[in-house]
Amino acid sequence: GAVVSQHPSWVICKSGTSVKIECRSLDFQATTMFWYRQFPKQSLMLMATSNEGSKATYEQGVEKDKFLINHASLTLSTLTVTSAHPEDSSFYICSARGTGGRSPLHFGNGTRLTVT
Amino acid sequence: AQSVTQPDIHITVSEGASLELRCNYSYGATPYLFWYVQSPGQGLQLLLKYFSGDTLVQGIKGFEAEFKRSQSSFNLRKPSVHWSDAAEYFCAVGGGNTDKLIFGTGTRLQVFP
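Just so you know, the sequences run in chain order X and S.
Position 19 of the first sequence, counting from 1, maps to 19 under the working numbering, and the rest follow consecutively.
Position 107 of the second sequence, counting from 1, maps to 1107 under the working numbering, and the rest follow consecutively.
No lab work stands behind these hints, which were simulated from the structure alone.
Take every hint as true, because none was put in to throw you off.
With a straight-line cut-off of 16 Å between C-alpha atoms, the simulated EDC-like cross-links for lysine to aspartate or glutamate are: (1) K14(X) / D88(X); (2) K1100(S) / E59(X); (3) K20(X) / D88(X); (4) K41(X) / D1008(S); (5) K1068(S) / D1054(S); (6) K66(X) / E87(X); (7) K41(X) / E1088(S); (8) K64(X) / D88(X); (9) K1049(S) / E1066(S).
Using the sequences and the hints, build the whole thing.
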């Protein structure tokens, strides 16, 4: 079945540094990828929609300058958390939808970000 | 407003017992409905989905769900739970392009031997 690979699975960084998270669709082309954030014991909140070759669409309340998204190819989207702060610590999950109609979303295994 | 409600935050069952996880939704158009399972520290795995047609859908791992439009519900069921089913379960609703999913707050399932 369709596989979405997310890397790294966990990362610890110092406050003020930037962290890049990669999301790859391994066996299908993903025209659209999505980035979610999940706080402990809470649901997933959509942060942004990433479209190949165009600018990402951010949800209300998500700072686009802080969470940079790049979708340079049909198999790779990246999320960069810039100038990270402890409140950015969270579980970030990407998902991707294939090019076929009614294709369900496939999720990566997530990235646990801890900012110290 | 579009929303998904999972009334049960935490459910505990004995292994071998039957299971039903509740999900109610509010959606302005024809909903596409999903159930996902998440193990600790992991991403989400799709259990099953409903787009149209038969309102009783079968998924992986022996799960099924029934879409009831009159009740705006999409409850997940399994006749006999296994210890490996312990996880967090999320119900989600989306529109025609299944792009933007709205997730419920999840139900944590604990299974006792």
